[in-house]
Amino acid sequence: MTVAPDWWSIARLPSQLVAAGFEVAAFCPPRSWLALTRFVCERYVIQGPDLEGQLADAVAAWEPHLVIPGDEFAVHLLRGMDRPGTPETLRQLVRRSCGDPRFHQVVTDKTRTLEEAARLDIAHPPQAPAEDFQDFATRHGYPLLLKMSVGMAGLTVRACTDGESAAAALARLRSLTLPAYVGQRSIMVQEHIRGRPASIALVALDGVVLDSFSYSTEETAGECGPSCVIRRLDHPGIAGTARKLVAHFGFSGFGGFDFMIEAATGTPHLLEMNPRLTIAGHLGAAFGHDLAKALHAGLSGNSCSPQLDPGHDVVALFPHEWWRDALSPHLRHHFSDVPWDDPALLSRALISRQP
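Numbering-wise (my numbering), the sequence shown opens with residue 1 and increments by one.
Heads up, a few of these hints could be off.
Claimed, not checked - Here are the computed distance ranges between Cβ atoms for each label pair: (1) Gln54 - Glu88: 14 to 22 Å; (2) Ala118 - Asp162: 42 to 50 Å; (3) Gln307 - Ala61: 36 to 44 Å; (4) Asp132 - Asp313: 40 to 48 Å; (5) Ser175 - Pro310: 39 to 47 Å; (6) Gln105 - Leu346: 21 to 29 Å; (7) Arg172 - Arg31: 36 to 44 Å; (8) Gln54 - Ala168: 19 to 27 Å; (9) Ser186 - Asp162: 37 to 45 Å.
Just so you know, these hints were derived from the structure itself, not from any lab. Note that beta-carbon positions come from the ideal geometry of N, C-alpha and C, so glycine has one too.
Model the full assembly from the supplied sequences, consistent with the hints where possible.
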């Protein structure tokens, strides 16, 4: 499911799910990327503002075993339905899809996620309420980051090089309008860790990671934007931290974590959790780990799929790298995950070249 019409990543997952043995339906806006994929057997198109009612109707009609949120707002909508007054069958579906309800509010709040990580002695950047950015800058220096507790693809993150840019960024973040079901939000100031960005994509059930793969980021869309080119990375520290957090949160579903590997020490600092499919989660065999097949095996009570031989070390993510630079050498020299088998999705990407 997605409620963000311009969110690409979730539209790539149905093909992987079908190949793994699932039947897939889509709940999405009419002009969304997800609405275009040919790998769904039913579409429930959002009409009007009553998202909860429409989602409940779609669930009643389709009777899914799992609901997979594809964007941050979908995560908030789905987890927010696990409350008194919601039919018990729907609440159980949310918990089966998302995990331990005690942490619904934690994993959807980037500030609280890092606070929980601190309790587990997981390395992360120092942070403070954004109103204190001047005192924070005195202690930690510039550059620094201003981050909203809700957001995706770097849309609510601002890199600041001095007090003037920080004040302007804070004003812009405060002016952003978010859906009401997102609830309260906060803005934090965070130390900028100098190093190399890295991430892990995973799938889990009831706090157990079924499969995962890590990667470093070679190119991004803007300073704080989404990855465009990624490189396979074997990093036991990142994998271990992810398993620890997934177990602590009792997390279920597709998800991931973003890190900064500190240049001076090699320590991976946790930046945030993504409690939904991440930009690379659909890559499957390209990096030797098919998350959709691992999920199918886990739900079937079978052992997880064995690790495949990695097909590629570097992937130019389509359409993001093409949107970033149509003449990029990465597109010529490395594998790009173009959806050749999904013509409507490919055609829309080719005519809407915009990051």
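Status of each hint after checking the structure:
{"no.": "1", "hint": "Gln54 - Glu88: 14 to 22 Å", "result": "holds (20 Å)"}
{"no.": "2", "hint": "Ala118 - Asp162: 42 to 50 Å", "result": "violated (28 Å)"}
{"no.": "3", "hint": "Gln307 - Ala61: 36 to 44 Å", "result": "holds (37 Å)"}
{"no.": "4", "hint": "Asp132 - Asp313: 40 to 48 Å", "result": "holds (42 Å)"}
{"no.": "5", "hint": "Ser175 - Pro310: 39 to 47 Å", "result": "holds (44 Å)"}
{"no.": "6", "hint": "Gln105 - Leu346: 21 to 29 Å", "result": "violated (38 Å)"}
{"no.": "7", "hint": "Arg172 - Arg31: 36 to 44 Å", "result": "violated (27 Å)"}
{"no.": "8", "hint": "Gln54 - Ala168: 19 to 27 Å", "result": "violated (38 Å)"}
{"no.": "9", "hint": "Ser186 - Asp162: 37 to 45 Å", "result": "violated (23 Å)"}
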